[in-house]
Amino acid sequence: MALIEVIDFKKSFSHKTVHDGVTFYVKKGECVGLVGGSGAGKSVILRSLIGLEKPDSGSILIDGIDITNFTEQELVSIRKKVAYVFQGGALFDSMTVFENLAYPLKAHFNMTESDILIKIKNQLEEFGLIDSINLYPSELSGGMQKRIGLARAMMMNPDIILYDEPTAGLDPYNTNKIQELILRLKTKGVTSILVTHDMPTAMNVCDKFAFLKNKIISEQGTIEQLKNNKNSLIHQFIEGHIL
Amino acid sequence: MIHFTIGQKFKDQLEFIGGSSILFKQTLSELRTKPFYTQLLVEQIYQIGVKSLPLVLLTALSTGMVMSLQYGLGLEKFGGKPYVPRLVASTILREMGPVFTSLMLAARVGAGMASEIGSMVVTQQIDAIRALGTSPIKRIVIPRILACLIVLPLLVAIANMVGNFGGLVVGSTELNLDAQFYFRRVLETSNIKDYIAGFGKTFFFALFIAVPSCYYGLNVKNGTKEVGIATTKAVVTSSLLILVGDFFLAKFFWIIEKWL
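Those protein sequence lines, which keep their order, are chains A and B. Add 30 to a position in the first sequence, counting from 1, and you land on the number used in the numbering used here. Add 1027 to a position in the second sequence, counting from 1, and you land on the number used in the numbering used here.
Hints may be right or wrong, so weigh each one.
[As the list claims (entries may be wrong)] Mimicking BS3-like on lysine-lysine, the simulated pairs with C-alpha atoms at most 30 Å apart in a straight line are:
hint, chain 1, residue 1, chain 2, residue 2
1, A, Lys84, B, Lys1038
2, B, Lys1108, B, Lys1278
3, A, Lys243, B, Lys1248
[What the hints assert, rightly or not] Using C-beta positions, here's what the derived DEER-type ranges look like:
hint, chain 1, residue 1, chain 2, residue 2, range
4, B, Lys1036, A, Pro230, 46 to 54 Å
5, A, Leu147, B, Thr1065, 29 to 37 Å
6, B, Val1069, A, Gln103, 23 to 31 Å
7, B, Glu1122, A, Leu165, 45 to 53 Å
8, A, Gly94, B, Val1077, 49 to 57 Å
9, B, Phe1275, A, Ser44, 32 to 40 Å
10, A, Gln103, B, Ile1256, 27 to 35 Å
11, A, Thr142, B, Phe1230, 38 to 46 Å
12, A, Pro230, B, Thr1032, 47 to 55 Å
13, A, Ser87, B, Ile1256, 27 to 35 Å
14, B, Leu1287, A, Leu165, 56 to 64 Å
Calculated directly from the structure, the hints in this document are not laboratory data. All C-beta atoms in this analysis are idealised placements derived from N, C-alpha and C, irrespective of residue type, glycine included.
Work out the full structure: start from the sequences and follow the hints.
Right, dumping it as structure tokens:
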């Protein structure tokens, strides 16, 4: 059964149509790579899945629930299940790493300070970032900020994670670290969508690809299907023959 | 081209009126629901109130001193120097205290709010607040508006005292008025209506500062360049609302005073 369904999604900004009937779905436990040229509107779809953008028409279903017309209040329950990893980490710069990670726990769970501390320490140890617990985001490297952003997104044990360019601008070491984390979460059964231009990472972690071109999903398929078809759009995109 | 610019400006103004009204309505409706972030309110009271105090004190002191000097020199020819304490006190309590303090706060705090919130929008921190299932209105807007509403009347009260003290200093040193006489005249001639007219305005001025600043900050769209534009718009709009609104509020409080 599909955990995420996007049906006939249409979206325009100031008379410019970005999406004109995007339809795709993601099954439980799957990792789907949403790829396409710059400005194709990949992030817009990702943002819409968590209610940060509203579609002009069409439907978005999360676990069978149509969230298209949900209010901010109604979206809270969805946002507890669906985590969003922002491109730059989007850490709160007035808070330490500990406070950033404690933020969702304090907002949604009735946990004691000591329980919060234990959970955060465990999370940071798993992410190899325990030494940065008392640092501010400005004291962290770009790669560390992204990993902390991922750690924060994981604090509520979400069923779905949406990655917005998680490896953009990172060195190979940090790219590998992020890749490992995504794979580790995948083995835990987390469903995810990965928006990226980093095709080697996408090839390593994704089960399926959806290629966004001409305002719709022009092509979808598994890695094997695409590898075997040299004429596929995604294959040409990877080779740099089309935008 | 000119038509386009005028049309665009008019559209911008309508957007501001509509947008800030919606923001204020959302603020009122979210104020009634849990959670309430007391710690964030205290932080904002410190940022807006305590940190603005030196600026407000200096402005109030110099305003009181200048007014006392100008009134004194102007009235000297007519033998009206004994009226200086009354005139200075009344002007400060009714107009200069609330208006100058609010303008200073609009410049310092309004700019700070718009740029801070705008930067949070650009770095996706506002999106992160929403994505984590919390409300930017509750965490960002409500503490700032409430802090302004709490802090501005207090700052104005302090400014009124310091302004009158400045008037007394100049009255006794430059105008040769007896300090005790000056002090007594201020107490005798100032009445509750002066306080009501002055303090009543501060609650409106607090909203004129906080709401546009939050609105422009939250509506930054196209990167860091627009943060600067939003900051300028916030300060200009707040200042204009204070100055233009002051006339209508003065009229309004005159009507109220007639009833009292």
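Going down the list of hints, with the structure as the test:
1. A:Lys84 / B:Lys1038: holds (23 Å)
2. B:Lys1108 / B:Lys1278: holds (28 Å)
3. A:Lys243 / B:Lys1248: holds (25 Å)
4. B:Lys1036 / A:Pro230: 46 to 54 Å: Given about 50 Å between the Cβ atoms, the range holds.
5. A:Leu147 / B:Thr1065: 29 to 37 Å: violated (22 Å)
6. B:Val1069 / A:Gln103: 23 to 31 Å: holds (26 Å)
7. B:Glu1122 / A:Leu165: 45 to 53 Å: Check passed, 49 Å falls within 45 to 53 Å.
8. A:Gly94 / B:Val1077: 49 to 57 Å: holds (52 Å)
9. B:Phe1275 / A:Ser44: 32 to 40 Å: holds (36 Å)
10. A:Gln103 / B:Ile1256: 27 to 35 Å: holds (32 Å)
11. A:Thr142 / B:Phe1230: 38 to 46 Å: Given a distance of about 40 Å, which is inside 38 to 46 Å, the answer is holds.
12. A:Pro230 / B:Thr1032: 47 to 55 Å: holds (50 Å)
13. A:Ser87 / B:Ile1256: 27 to 35 Å: holds (33 Å)
14. B:Leu1287 / A:Leu165: 56 to 64 Å: holds (58 Å)
The earlier numbered hint that this structure contradicts is number 5, and it is the only one.
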